[in-house]
Amino acid sequence: MSVPPIVEPAPDLSVDEVRRYSRHIIIPEVGMDGQKRLKNAKVLVIGAGGLGSPALLYLAAAGVGTLGIVDFDVVDESNLQRQVIHGQSDVGKPKAISAKESIAEINPYVKVNLHEERLDSSNALTIFADYDLILDGTDNFATRYLVNDAAVILGKPYVWGSIFRFEGQVSVFWAEHGPHYRDLYPEPPPPGMVPSCAEGGVLGVLCASIGSVMVNEAIKLITGIGDPLIGRLLIFDALEMSWRELKVNKDPDTAPVTELIDYEAFCGVISDEAAEAVVDSTIDVRTLKDWLDARERGERDFVLVDVRERNEYEIVSIPGSVLIPKGEFLTGEAFEKLPKDKQVVLHCKVGGRSAEALAAAKGAGFGDAVHVAGGVLAWVNQIEPDKPSY
Amino acid sequence: MGVKVRIPTILRTYTGGASEVAADGGTLAEVLDSLEANFPGIRARVLDDAGKLRRFVNVYVGEEDVRFASGLETPTPDGTQVSVIPAVAGG
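In the order they appear, the protein sequences are chains W and X. The end of the first sequence is residue 941 by our numbering, with every number in the run present. The end of the second sequence is residue 740 by our numbering, with every number in the run present.
Derived from the structure by calculation, the hints contain no laboratory data. Check each hint, because a few of them may be wrong.
As the list claims (entries may be wrong) - Heads up, simulated DSSO-like pairs for lysine-lysine below, C-alpha to C-alpha not over 30 Å straight-line:
(1) X/653 with W/801
(2) W/840 with W/938
(3) W/798 with X/701
(4) W/798 with X/653
(5) W/801 with X/701
(6) W/913 with X/701
(7) W/891 with W/840
(8) W/593 with W/651
(9) W/707 with W/798
(10) W/893 with W/840
(11) W/801 with W/707
(12) W/651 with W/662
(13) W/938 with W/644
(14) W/840 with W/913
(15) W/888 with W/913
Can you build the whole structure from these sequences, using the hints too?
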């Protein structure tokens with residue numbers, strides 16, 4: 552299957568541009584015409600993170616004339632293991648600005664538009680309207696469904712990639728020519744069921760494997776060459792070093808996308824049970840510090856349980872905590888390890904998993920259990936700033 | 650003989666890290682029963698409480714998504730590859 556190029560060629564290339572892009576121009580399938588189309592192309596990249604970093608670098612180097620970047624985050628040291636568009640001196644800087652500076656160094660002919668705001672139902676259609684193609688490397692389901700729906704409504708191609716640990720998925724969704732994201736995954740998983748990269752980790756170089764395929768597909772759509780990855784899902788396993796291809800069908804049961812919805816509610820940040828459990832059962836890290844000090848003095852007794860995974864516990868932990876991963880709360884194993892006569896205090900990385908574990912603990916009869924808002928990251932930030940964050 | 654089942658990263662905690670495991674059964678439902686017998690807990694990650702395929706997990710028999718074939722009754726002839734493909738959102 553081939554589709555016509557989505558971008559008309561720019562009127563001309565300067566002598567400097569011809570010199571710069573000569574290795575493209577001498578490829579018969581690209582040629583002067585293809586390079587002019589790249590120059591005229593406007594690509595919007597959602598997220599200057601793991602996938603966005605290699606994608607932006609290669610789109611810029613390839614000569615895509617206009618790049619939009621949607622990102623409101625700042626560069627953190629834990630990003631640098633994979634987000635190669637940012638460097639050590641960018642830590643603390645907005646990712647959008649850091650990415651723009653890197654792009655200017657790679658290719659000064661690229662115009663960069665910054666959208667330093669959280670993408671939501673109120674601004675997505677307006678931001679997308681100016682672009683020919685959307686490339687999405689965000690890290691959450693809510694944004695993925697939002698980006699898909701906005702792309703469907705505007706009739707734009709959506710280059711999609713997703714990564715977890717050693718595994719990546721990549722496809723091109725374009726409702727006019729094939730299936731879209733909702734045809735592949737009609738509903739998001741319930742919150743807490745699928746760990747994010749922040750919880751489960753990701754091999755840094757996997758971003759390059761998947762991000763480079765995403766750019767490859769963007770270039771093909773812009774120039775109208777080759778067979779686009781429409782209606783096909785590629786699955787990459789970095790441990791086996793295998794790529795598999797599966798068919799994606801248009802699902803006749805998929806409801807037509809006609810308007811944007813509330814995606815946070817659609818995907819749920821935490822489950823209803825967890826949201827209910829935390830009411831009046833949440834303490835902050837300063838209170839936890841007071842409680843731990845009181846326990847030290849023998850004035851208070853409770854058990855502090857860290858519900859993260861062992862690898863995370865080894866990076867940083869709160870002194871006096873014991874590790875029982877969240878999964879054991881969901882299976883019930885955890886309750887055999889907990890004393891029935893002491894209050895239980897739960898924490899995780901930022902508070903999502905501990906809220907889920909809290910709901911399970913209350914359901915199992917630990918009525919006075921509480922969880923710690925902000926988790927170990929808030930602890931490091933406010934109580935022990937010398938300890939590492941991740 | 651039987652079928653080979655591809656296990657995605659997020660479900661490998663059930664299979665001791667194995668990315669591919671053997672299973673038996675003439676239909677997808679029987680293959681999932683066989684998986685559950687060897688790797689307790691794994692079936693509930695693919696099927697919901699009502700025993701239906703979860704909407705955020707795709708199961709392929711060969712190259713076909715079973716949602717567009719016969720669902721849990723999709724035949725799984727000897728030697729077929731069954732793939733479990735969950736939604737992941739990392740980026």
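Comparing the hints with the structure gives:
Of the supplied pair hints, the one linking residue 653 of chain X and residue 801 of chain W holds, its CA atoms being roughly 27 Å apart against a limit of 30 Å. For the suggested pair residue 840 of chain W and residue 938 of chain W, the alpha carbons sit about 15 Å apart, so the restraint of at most 30 Å is met. A distance of roughly 22 Å separates the Cα atoms of residue 798 of chain W and residue 701 of chain X; the hinted pair therefore holds under the 30 Å criterion. Straight-line distance between C-alpha atoms of residue 798 of chain W and residue 653 of chain X comes to about 19 Å, which keeps the hinted pair within the 30 Å bound.
With a C-alpha separation of about 20 Å, the suggested pair residue 801 of chain W and residue 701 of chain X falls inside the 30 Å cut-off, and the hint holds. For the given pair, residue 913 of chain W sits about 29 Å from residue 701 of chain X by alpha-carbon distance, which is consistent with the 30 Å threshold. Taking the CA atoms of residue 891 of chain W and residue 840 of chain W, the gap is about 23 Å. The hint holds against a cut of 30 Å. Taking the CA atoms of residue 593 of chain W and residue 651 of chain W, the gap is near 15 Å; set against the 30 Å cutoff, the hint holds.
Distance restraint check for residue 707 of chain W and residue 798 of chain W: the Cα-Cα separation of roughly 21 Å lies within the 30 Å cut-off, and the hinted pair is therefore satisfied. Annotation: proposed proximity of residue 893 of chain W to residue 840 of chain W holds, straight-line Cα distance about 18 Å (limit 30 Å). Simply put, residue 801 of chain W and residue 707 of chain W have alpha-carbon atoms about 17 Å apart, close enough for the 30 Å limit, and the pair holds. In summary, the hint linking residue 651 of chain W to residue 662 of chain W is supported, as the alpha carbons are separated by about 9 Å, within the 30 Å threshold.
Between the alpha carbons of residue 938 of chain W and residue 644 of chain W the distance comes to roughly 21 Å, so the proposed pair stays at or under 30 Å and holds. With a C-alpha separation of about 23 Å, the suggested pair residue 840 of chain W and residue 913 of chain W falls inside the 30 Å cut-off, and the hint holds. Only pairs whose Cα atoms come within 30 Å are accepted, and residue 888 of chain W paired with residue 913 of chain W is accepted, the gap being roughly 15 Å.
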